[in-house]
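Protein chains in written order, with the numbering used here: chain R, 1 to 337; chain W, 1 to 337.
Be aware that a few hints might be false.
Chain copies aren't distinguished; within one or between two, either way the pair holds.
When the alpha-carbon atoms are kept at most 30 angstroms apart in a straight line, the in silico DSS-like pairs for lysine-lysine are as follows [stated by the list, open to error]: (1) LYS64 / LYS327; (2) LYS193 / LYS173; (3) LYS286 / LYS134; (4) LYS226 / LYS248; (5) LYS331 / LYS114; (6) LYS328 / LYS118; (7) LYS173 / LYS286; (8) LYS226 / LYS193; (9) LYS125 / LYS286; (10) LYS125 / LYS280; (11) LYS332 / LYS134; (12) LYS118 / LYS217; (13) LYS134 / LYS233; (14) LYS308 / LYS228; (15) LYS63 / LYS114; (16) LYS332 / LYS108; (17) LYS63 / LYS123; (18) LYS308 / LYS226; (19) LYS168 / LYS60; (20) LYS64 / LYS308; (21) LYS280 / LYS327; (22) LYS217 / LYS228; (23) LYS64 / LYS130; (24) LYS102 / LYS193; (25) LYS64 / LYS332; (26) LYS60 / LYS118; (27) LYS125 / LYS318; (28) LYS102 / LYS327; (29) LYS217 / LYS130.
Read the hints as simulated data drawn from the structure, not as lab findings.
2 protein chains.
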Amino acid sequence: MIYRKIYVLTLLSFFLFSCKNKSEETTIVNPKDNSAVTVDPLPSWNDGTLKSDIIAYVEKITKKGSPDFIPEEHRIATFDNDGTLWAEKPYVQELFAFYRVKKMVEAKPELAQKQPFKAVVEKDKSFFEKGGDKALIELVAATHTGTTEDEFETSVNDFFKDAKYPGKNIPVKQIRYQPQLELLNYLRSNGFKTFIVTGGTIEVVRAISEDFYGIPKEQVVGTSFKYKYDDEKNAVQREAALNHYNDKEGKPVGIQLHIGQRPVFACGNEGGAGDIAMLKYSQGNKYPSFQLLVNHNDSIREYSYQEKDNASLNAAAKNKWHVIDMKKDWKKVFSDN
Amino acid sequence: MIYRKIYVLTLLSFFLFSCKNKSEETTIVNPKDNSAVTVDPLPSWNDGTLKSDIIAYVEKITKKGSPDFIPEEHRIATFDNDGTLWAEKPYVQELFAFYRVKKMVEAKPELAQKQPFKAVVEKDKSFFEKGGDKALIELVAATHTGTTEDEFETSVNDFFKDAKYPGKNIPVKQIRYQPQLELLNYLRSNGFKTFIVTGGTIEVVRAISEDFYGIPKEQVVGTSFKYKYDDEKNAVQREAALNHYNDKEGKPVGIQLHIGQRPVFACGNEGGAGDIAMLKYSQGNKYPSFQLLVNHNDSIREYSYQEKDNASLNAAAKNKWHVIDMKKDWKKVFSDN
Numbered sequence: 001m002i003y004r005k006i007y008v009l010t011l012l013s014f015f016l017f018s019c020k021n022k023s024e025e026t027t028i029v030n031p032k033d034n035s036a037v038t039v040d041p042l043p044s045w046n047d048g049t050l051k052s053d054i055i056a057y058v059e060k061i062t063k064k065g066s067p068d069f070i071p072e073e074h075r076i077a078t079f080d081n082d083g084t085l086w087a088e089k090p091y092v093q094e095l096f097a098f099y100r101v102k103k104m105v106e107a108k109p110e111l112a113q114k115q116p117f118k119a120v121v122e123k124d125k126s127f128f129e130k131g132g133d134k135a136l137i138e139l140v141a142a143t144h145t146g147t148t149e150d151e152f153e154t155s156v157n158d159f160f161k162d163a164k165y166p167g168k169n170i171p172v173k174q175i176r177y178q179p180q181l182e183l184l185n186y187l188r189s190n191g192f193k194t195f196i197v198t199g200g201t202i203e204v205v206r207a208i209s210e211d212f213y214g215i216p217k218e219q220v221v222g223t224s225f226k227y228k229y230d231d232e233k234n235a236v237q238r239e240a241a242l243n244h245y246n247d248k249e250g251k252p253v254g255i256q257l258h259i260g261q262r263p264v265f266a267c268g269n270e271g272g273a274g275d276i277a278m279l280k281y282s283q284g285n286k287y288p289s290f291q292l293l294v295n296h297n298d299s300i301r302e303y304s305y306q307e308k309d310n311a312s313l314n315a316a317a318k319n320k321w322h323v324i325d326m327k328k329d330w331k332k333v334f335s336d337n
Numbered sequence: 001m002i003y004r005k006i007y008v009l010t011l012l013s014f015f016l017f018s019c020k021n022k023s024e025e026t027t028i029v030n031p032k033d034n035s036a037v038t039v040d041p042l043p044s045w046n047d048g049t050l051k052s053d054i055i056a057y058v059e060k061i062t063k064k065g066s067p068d069f070i071p072e073e074h075r076i077a078t079f080d081n082d083g084t085l086w087a088e089k090p091y092v093q094e095l096f097a098f099y100r101v102k103k104m105v106e107a108k109p110e111l112a113q114k115q116p117f118k119a120v121v122e123k124d125k126s127f128f129e130k131g132g133d134k135a136l137i138e139l140v141a142a143t144h145t146g147t148t149e150d151e152f153e154t155s156v157n158d159f160f161k162d163a164k165y166p167g168k169n170i171p172v173k174q175i176r177y178q179p180q181l182e183l184l185n186y187l188r189s190n191g192f193k194t195f196i197v198t199g200g201t202i203e204v205v206r207a208i209s210e211d212f213y214g215i216p217k218e219q220v221v222g223t224s225f226k227y228k229y230d231d232e233k234n235a236v237q238r239e240a241a242l243n244h245y246n247d248k249e250g251k252p253v254g255i256q257l258h259i260g261q262r263p264v265f266a267c268g269n270e271g272g273a274g275d276i277a278m279l280k281y282s283q284g285n286k287y288p289s290f291q292l293l294v295n296h297n298d299s300i301r302e303y304s305y306q307e308k309d310n311a312s313l314n315a316a317a318k319n320k321w322h323v324i325d326m327k328k329d330w331k332k333v334f335s336d337n
């Protein structure tokens, strides 16, 4: 009797030790009467077609012996970050760039006379409105390069310690979408490996990916600058040239380089047409796949913004991708902590 | 009683389901009398200083509360492939390139008149001896690009199905080093994430990484060609230009891009001085780290070859890296299956 107890405890502690990063299962067994207890894996999603479609897909592809079964090593799920896992009005990347400008100008005041620093210091929005993506990339290059990786990482960590989200005055961590955190956990508890595939720079997202999303650094694919190994410093140096721009058609390229196979589950958002190529690429998988697109139509709880040409929603309709109607499908939007 | 049995079985099956890729532990508990049974995690390593140093390191950094403890997310181990995990006389990559030449010439016979195809068809070794690394890269570029990723993957899989290793006439799988397979398992069972960081092209190694080494595709870092997303084909196309050459100083760069942090455990080999930068980079980790270098000094069971300037062994001596004396430290060299 006592041996059996020890055996159970040994198994249990071994299980807890080996799998402490695993999430809860949807069906758990009550040890008292061996009955199955079903737990809603997506409590912040309203019941409806979309929620049932997600669950039906996961159940179908994890059912051994089913023709739709996908072996675990091919259960790859990719999520965009800005506008998909957290809010993007404004981009956190932009907040970080402004923070870097502040720090760089404090250290070297003459920078305040030089673009793009000048525009930030003088709060000249028109510089970035006129300049578009190009001006933003210029700002990011000026503030994100010229250091070693170690120095850059320290600077990103310092930023996230106190960063507040404009307009909402809450810590950046609280602009994560609660329903998406549940979806990530649900997928992982069903053997999926979850990746972030972001247009943002890879190190900025890596600094918070484990803490914010339970996603390890090496499962983040993003925009990167050129690196060079400096033998004397024994460090990787960031150079002021773009290596890979991981948006739009860049996403399948980043996925191939970092992951080496097409995702079976891909999730992006409308707003900047950044995820169409990734969702389409995922649909080319030889296994049954699932595409999901966040529609930002909730001006009260989040933001409401649409692409002028509706490219993402049109692609979704044409290719039968699933669309998250934020207003209707999400019981709550942001995470509490 | 019966409930307790069901409970045990439920826990056990849940554990097996959740952790089926985990390796055996070094200390297991005998359920009959709760005694600890110690199993040698490295049976193909001869007892001696090196084996005890490896085990002492792993025990020290996994001991909670110890000043040397490393959190799991930072237990990153990187292994070179050619000459470190399997034999490199010749490179498997070269065999694959020859196989591709054969297939390409079969499809288009006029290629046999063109270099580097001509040299392969005519078995003109001097072309590659004279041309060195440059000629090899030229051959690899000519045989590894111009297809989609999907087509290339099929071709790699076809090659590995029947590939035999020259001189030994055994399947390529059997040129893996048995002691290293045990080391990979041992590290993983202690919470390490294991990566391959190879000078070889990333997709060739990814084709066998899971089956040969238990390492998933996304944990392979290697040399890559430029990719382009082809919207019409909905596929990633390989272009005839190098994207990243993952050898020597390229290794820390590849590690930063794919993994995002310095390894704490790094293993390479002498022979081409390809791993010095990776081992040095790993030693710059803020956590206690371990560097390991295979010395190919076993002309009877494997091959014996040394660098002319002894650069790798000199670096090992200078930086106190651990050297595997193949003749002395390995009880057996190759895997049986």
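Each hint tested on the structure:
no.	hint	verdict
1	LYS64 / LYS327	neither (36 angstroms within a copy, 46 angstroms between copies)
2	LYS193 / LYS173	both (22 angstroms within a copy, 27 angstroms between copies)
3	LYS286 / LYS134	neither (37 angstroms within a copy, 37 angstroms between copies)
4	LYS226 / LYS248	both (20 angstroms within a copy, 17 angstroms between copies)
5	LYS331 / LYS114	neither (46 angstroms within a copy, 65 angstroms between copies)
6	LYS328 / LYS118	neither (43 angstroms within a copy, 65 angstroms between copies)
7	LYS173 / LYS286	between (36 angstroms within a copy, 27 angstroms between copies)
8	LYS226 / LYS193	both (27 angstroms within a copy, 25 angstroms between copies)
9	LYS125 / LYS286	neither (46 angstroms within a copy, 41 angstroms between copies)
10	LYS125 / LYS280	neither (34 angstroms within a copy, 45 angstroms between copies)
11	LYS332 / LYS134	neither (35 angstroms within a copy, 58 angstroms between copies)
12	LYS118 / LYS217	neither (33 angstroms within a copy, 45 angstroms between copies)
13	LYS134 / LYS233	between (32 angstroms within a copy, 29 angstroms between copies)
14	LYS308 / LYS228	between (40 angstroms within a copy, 27 angstroms between copies)
15	LYS63 / LYS114	neither (60 angstroms within a copy, 52 angstroms between copies)
16	LYS332 / LYS108	neither (44 angstroms within a copy, 61 angstroms between copies)
17	LYS63 / LYS123	neither (55 angstroms within a copy, 51 angstroms between copies)
18	LYS308 / LYS226	neither (33 angstroms within a copy, 32 angstroms between copies)
19	LYS168 / LYS60	neither (40 angstroms within a copy, 46 angstroms between copies)
20	LYS64 / LYS308	neither (44 angstroms within a copy, 55 angstroms between copies)
21	LYS280 / LYS327	within (25 angstroms within a copy, 53 angstroms between copies)
22	LYS217 / LYS228	both (20 angstroms within a copy, 25 angstroms between copies)
23	LYS64 / LYS130	neither (55 angstroms within a copy, 54 angstroms between copies)
24	LYS102 / LYS193	neither (38 angstroms within a copy, 38 angstroms between copies)
25	LYS64 / LYS332	neither (34 angstroms within a copy, 38 angstroms between copies)
26	LYS60 / LYS118	neither (55 angstroms within a copy, 51 angstroms between copies)
27	LYS125 / LYS318	neither (37 angstroms within a copy, 55 angstroms between copies)
28	LYS102 / LYS327	neither (37 angstroms within a copy, 59 angstroms between copies)
29	LYS217 / LYS130	neither (34 angstroms within a copy, 42 angstroms between copies)
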